[in-house]
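K.L.:
Going line by line, the protein sequences match chains W and X. Residue numbers for the first sequence follow the numbering used here, so the first one is 78 and each next one is one higher. Residue numbers for the second sequence follow the numbering used here, so the first one is 78 and each next one is one higher.
One should not assume that every hint holds.
Since the list can't tell identical chains apart, any single copy or any two copies may satisfy a pair.
What the hints assert, rightly or not - Derived pair list, reagent style SDA-like, types lysine to any residue, alpha-carbon separation capped at 20 Å:
no.	residue 1	residue 2
1	K570	S632
2	K139	L402
3	K648	E557
4	K438	S374
These are computed hints drawn from the structure, not numbers from a lab.
If you want the building blocks of each chain, they are given just below.
Number of protein chains: 2
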Amino acid sequence: MKYTHHNNELNSSHLNQEVYLKGWVAKNRNLGGLMFIDLRDRFGITQLVVKPENAYYETALKIKNEYVIEAKGVVIKRESINKGINTGDIEVEVTELTILSSAENPPIIISNDTDALEDTRLKYRYLDLRRPVMQNFMIKRHQITQAIRQTLVDEGFYELETPILGKSTPEGARDYLVPSRLYPGTFYALPQSPQIYKQLFMIAGFEKYFQVARCFRDEDLRADRQPEFTQIDIEASFVEQIDVQELVEKVMVNTFKKVLNVEVQRPFIQMSYQEAMEKYGTDKPDMRYELLIKDYSHFFKTIDVPFFNDRDFVKGLLVENGSHLTRKNIDALTDIVKKNHGEALAYVKNSDGIISGSIVKFMSESEQDALGLKQGDILFLVPGSFDRVSSALGALRIAIANEFKLIPNDVYKFLWVVDWPLLEYNEEEQRYYAKHHPFTAPVDPEVLKNNPKEAMAKAYDIVLNGYEIGGGSIRIHNQEVQRLMFDTLGLTKEDVAHRFGFFVDALKYGTPPHGGLALGLDRVVMLMTNTSNIKDVVAFPKTQSAKDMMMQAPSDVDQIQLDELQLKVGK
Amino acid sequence: MKYTHHNNELNSSHLNQEVYLKGWVAKNRNLGGLMFIDLRDRFGITQLVVKPENAYYETALKIKNEYVIEAKGVVIKRESINKGINTGDIEVEVTELTILSSAENPPIIISNDTDALEDTRLKYRYLDLRRPVMQNFMIKRHQITQAIRQTLVDEGFYELETPILGKSTPEGARDYLVPSRLYPGTFYALPQSPQIYKQLFMIAGFEKYFQVARCFRDEDLRADRQPEFTQIDIEASFVEQIDVQELVEKVMVNTFKKVLNVEVQRPFIQMSYQEAMEKYGTDKPDMRYELLIKDYSHFFKTIDVPFFNDRDFVKGLLVENGSHLTRKNIDALTDIVKKNHGEALAYVKNSDGIISGSIVKFMSESEQDALGLKQGDILFLVPGSFDRVSSALGALRIAIANEFKLIPNDVYKFLWVVDWPLLEYNEEEQRYYAKHHPFTAPVDPEVLKNNPKEAMAKAYDIVLNGYEIGGGSIRIHNQEVQRLMFDTLGLTKEDVAHRFGFFVDALKYGTPPHGGLALGLDRVVMLMTNTSNIKDVVAFPKTQSAKDMMMQAPSDVDQIQLDELQLKVGK
Numbered sequence: 078m079k080y081t082h083h084n085n086e087l088n089s090s091h092l093n094q095e096v097y098l099k100g101w102v103a104k105n106r107n108l109g110g111l112m113f114i115d116l117r118d119r120f121g122i123t124q125l126v127v128k129p130e131n132a133y134y135e136t137a138l139k140i141k142n143e144y145v146i147e148a149k150g151v152v153i154k155r156e157s158i159n160k161g162i163n164t165g166d167i168e169v170e171v172t173e174l175t176i177l178s179s180a181e182n183p184p185i186i187i188s189n190d191t192d193a194l195e196d197t198r199l200k201y202r203y204l205d206l207r208r209p210v211m212q213n214f215m216i217k218r219h220q221i222t223q224a225i226r227q228t229l230v231d232e233g234f235y236e237l238e239t240p241i242l243g244k245s246t247p248e249g250a251r252d253y254l255v256p257s258r259l260y261p262g263t264f265y266a267l268p269q270s271p272q273i274y275k276q277l278f279m280i281a282g283f284e285k286y287f288q289v290a291r292c293f294r295d296e297d298l299r300a301d302r303q304p305e306f307t308q309i310d311i312e313a314s315f316v317e318q319i320d321v322q323e324l325v326e327k328v329m330v331n332t333f334k335k336v337l338n339v340e341v342q343r344p345f346i347q348m349s350y351q352e353a354m355e356k357y358g359t360d361k362p363d364m365r366y367e368l369l370i371k372d373y374s375h376f377f378k379t380i381d382v383p384f385f386n387d388r389d390f391v392k393g394l395l396v397e398n399g400s401h402l403t404r405k406n407i408d409a410l411t412d413i414v415k416k417n418h419g420e421a422l423a424y425v426k427n428s429d430g431i432i433s434g435s436i437v438k439f440m441s442e443s444e445q446d447a448l449g450l451k452q453g454d455i456l457f458l459v460p461g462s463f464d465r466v467s468s469a470l471g472a473l474r475i476a477i478a479n480e481f482k483l484i485p486n487d488v489y490k491f492l493w494v495v496d497w498p499l500l501e502y503n504e505e506e507q508r509y510y511a512k513h514h515p516f517t518a519p520v521d522p523e524v525l526k527n528n529p530k531e532a533m534a535k536a537y538d539i540v541l542n543g544y545e546i547g548g549g550s551i552r553i554h555n556q557e558v559q560r561l562m563f564d565t566l567g568l569t570k571e572d573v574a575h576r577f578g579f580f581v582d583a584l585k586y587g588t589p590p591h592g593g594l595a596l597g598l599d600r601v602v603m604l605m606t607n608t609s610n611i612k613d614v615v616a617f618p619k620t621q622s623a624k625d626m627m628m629q630a631p632s633d634v635d636q637i638q639l640d641e642l643q644l645k646v647g648k
Numbered sequence: 078m079k080y081t082h083h084n085n086e087l088n089s090s091h092l093n094q095e096v097y098l099k100g101w102v103a104k105n106r107n108l109g110g111l112m113f114i115d116l117r118d119r120f121g122i123t124q125l126v127v128k129p130e131n132a133y134y135e136t137a138l139k140i141k142n143e144y145v146i147e148a149k150g151v152v153i154k155r156e157s158i159n160k161g162i163n164t165g166d167i168e169v170e171v172t173e174l175t176i177l178s179s180a181e182n183p184p185i186i187i188s189n190d191t192d193a194l195e196d197t198r199l200k201y202r203y204l205d206l207r208r209p210v211m212q213n214f215m216i217k218r219h220q221i222t223q224a225i226r227q228t229l230v231d232e233g234f235y236e237l238e239t240p241i242l243g244k245s246t247p248e249g250a251r252d253y254l255v256p257s258r259l260y261p262g263t264f265y266a267l268p269q270s271p272q273i274y275k276q277l278f279m280i281a282g283f284e285k286y287f288q289v290a291r292c293f294r295d296e297d298l299r300a301d302r303q304p305e306f307t308q309i310d311i312e313a314s315f316v317e318q319i320d321v322q323e324l325v326e327k328v329m330v331n332t333f334k335k336v337l338n339v340e341v342q343r344p345f346i347q348m349s350y351q352e353a354m355e356k357y358g359t360d361k362p363d364m365r366y367e368l369l370i371k372d373y374s375h376f377f378k379t380i381d382v383p384f385f386n387d388r389d390f391v392k393g394l395l396v397e398n399g400s401h402l403t404r405k406n407i408d409a410l411t412d413i414v415k416k417n418h419g420e421a422l423a424y425v426k427n428s429d430g431i432i433s434g435s436i437v438k439f440m441s442e443s444e445q446d447a448l449g450l451k452q453g454d455i456l457f458l459v460p461g462s463f464d465r466v467s468s469a470l471g472a473l474r475i476a477i478a479n480e481f482k483l484i485p486n487d488v489y490k491f492l493w494v495v496d497w498p499l500l501e502y503n504e505e506e507q508r509y510y511a512k513h514h515p516f517t518a519p520v521d522p523e524v525l526k527n528n529p530k531e532a533m534a535k536a537y538d539i540v541l542n543g544y545e546i547g548g549g550s551i552r553i554h555n556q557e558v559q560r561l562m563f564d565t566l567g568l569t570k571e572d573v574a575h576r577f578g579f580f581v582d583a584l585k586y587g588t589p590p591h592g593g594l595a596l597g598l599d600r601v602v603m604l605m606t607n608t609s610n611i612k613d614v615v616a617f618p619k620t621q622s623a624k625d626m627m628m629q630a631p632s633d634v635d636q637i638q639l640d641e642l643q644l645k646v647g648k
């Protein structure tokens, strides 16, 4: 089937040409006997017109929305120009018309705006994806993936594939399991990431590897998570942190230029984990606006405010022109603080020179003045431990930025968060966890050995507009250090042998220094297409309860399938 | 870490330059006090020399094979030139030397030739992959994948991702299942191919889709199969068979040119399924050599040869200069015939004008002459049904081609096998199976309805050097025809509703005519790299019993994991 043009291409320069088009009927109407048809394909819309005297007029009368048709015709000037579309200057007077496929009335309207429920959209995903806005998300995803790949290939990276049927090594998230038929009672696991494989590629001497890798986590899902997701998995040998960072910056700069025609400045800002937590209350600060967290701990140590004077920290956010916030506004913000582990939210404000607020009664006038509030200022304060105060004020900062519209549109602010602690101590389980993962290299193995709490990691996260879009590290390439790390994490020799034995083994045959990073493709696409719903950028996503609404998966299987696997269902 | 050159780059033009290299120690030897080190990276080898007076000589003495080192030095002329490597004119006189990583003696030798057992190679895959020949397989795979992708992107195809966690729709091969934790007793299935998803992309209006797609089949494995494999999955709307074929030919021509610098001629030969079976005894003929099957059925109908005269078919292969074959040779060929469903292998030969052979005694002299055997000819004959004769002679043809070295090296012969029957009747189960899959369009739906046995398919396979490297078809895009197809396959309305309900549903909302093809990437890479072992072109393959020898997967899992899934193991 040969067509002369896509439906976004024709304009006045094609007048009187004979053209051959195909597509879906986006709209059709009968105006004084003339049939007008908006013909849509993945590129755009062209208006067809069929006159009553045309031999195909009867065919045209049968046509309904979403029919698939092909048409021959001649490009003519249009009476009423439509500036909304590329082809708005012309229309095509039909000489031949064929219906390729009929269509029932679709359960969701095929247009950018939809009021369909998400469940309906997911059930009829093939129609939801027909909406131009959704097509654009997918096309952008394609373009972004190609652009990222192109830079990596140009930089000498090999795209290599790793298995999906791997081994279960639970550490961190929950694995999806796949029962083996040939060895009943044993299981494969779907990879949470190709971490070990990519390190083995380095040991095997490939030096530069990447993969657009599917990863799986059987977690209770949050709004921006899917049970399967795609990461751009990168690893290189003979590199240090700066080499990986430079590479990833190049990748992002080229991708933004190619896909969005946006110039991103290099090098990206760097900030230590400690500074991020102190000033932004999060390890993924949104740098598109200021509004830094300030430390009032010393100040309140000397003042007799209940719940303030005996807490480790009192920190706050000073919001200019925020004194007009109502009680209701502040209650909503208090809820956010409490949901994010803050014990309380206090405030002090200056309205027309009058200082008021929940804790003012405990402060002398000079103490109030010492806060330095200008007319219109409101100061929010949260007391407590460093972690809880940071978490609460981090969340409050975002809520206030939204409330006060501090976030500029179409601005992309990259940030490297660096200088991470290697470990995190879990008080409940009385053990250390790896802050990134157990293959991350310590800055100094001696500190890991003697004072694990203080050990720093050669780790770096890349953050875009408040989202962590990637995490990476220089890896341990020494068998002894790897053993020490597992040891510190409380893994027994048997655990290590059983789960990672072959990997620890592999390290001893000449492992080059190496490191890498993984970019969350879904998040990158989400941010670059300006949507806040990860499902918009995944062709066939699952619900928050990991269901495929279209296919109805997961589903029952035949008893014979379970018998072959020697599996029984039941508690 | 910054290095000035890879280890394949230096030559006489770099004399006296200071260079900075890194890599693995491929070889090291002490000749009269001088230490020579062959330094290897993924590109090649450079010889380092360390003199006894050098401050780093002590370091050099510590170095063993497979140590990872970096070295600074000066390029000097080499005394004994090595023409086997790019850098054979020079060596690097070391000024600084650092050991980055030590290495124990590896269990397999890191060189192109290996006598290691396959199990050992798979267990230490990271070392096996370090061998230059294996690196080359992986690098070629990378290049082939990029070349295929590039053509598809240039042709306007979008690379779109489909889920790995899908729904079990057993029809054909066995699914791998993934138990759901949130809905105990239900399962996802890993896709055998993205067939339904890619058709949904067409319904959704994407028009041109491809994916480098991981697919899974829980089959008893043959030598050239893996439980997971990669296919280049392609689908397009508004196409006919010729459009898909032209596209795929372009893809292959460009890929061979880019990766192997081989010019492949277009268009590829076309042959009907019927002709392939008749003349080559297989649906994937190797076109690199002639040796066609000849039909002697009529001839033997008139002659009283036992087991020949009452069989439907007697067909044969005439081998020139084959009369010298020994009894032992012929016994071996008879075994092949029997293994491939042939009931017997007879032969007639002409040695120095004397006609002899197993059936000669049943033939008159004039009947013997009528066979027209020239001096040195041997004619192999197999009696039986069409299917059994074809299968036996197809296998015999390959065996003879190997025996007589009829297969030229470095020749690539593509072939389209077309005009396939739509269905295959299984006598045992008394039902039809789809020859390709149930979404393949019939040439004429009326024939499917009234005389399914005779129905032909709009299907096409692409064959290279006797391997099926891809299969495709124009798909059914009409709901009624799809229902008719399921009906003919004996699926009940309930079956259809349960397994494919949403898909049949989807067809009614304006489905464009569409079709596509899937290329088996692993096989393409295997053929382009001239290996006969599919494991050579998969980074981390599994054994024939679907085991990962390196990771030891599948493996036991913790009881808590099974409890969460509410699963019990046992008959």
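K.L.:
Now, for every hint given, state plainly whether the structure supports it.
P.N.:
These are the hints, each one checked on the structure:
1. K570 to S632: The answer is between: 18 Å across copies meets 20 Å, while 40 Å in one copy does not.
2. K139 to L402: neither (59 Å within a copy, 72 Å between copies)
3. K648 to E557: neither (42 Å within a copy, 44 Å between copies)
4. K438 to S374: Classified as within; 19 Å inside a copy, 112 Å across copies.
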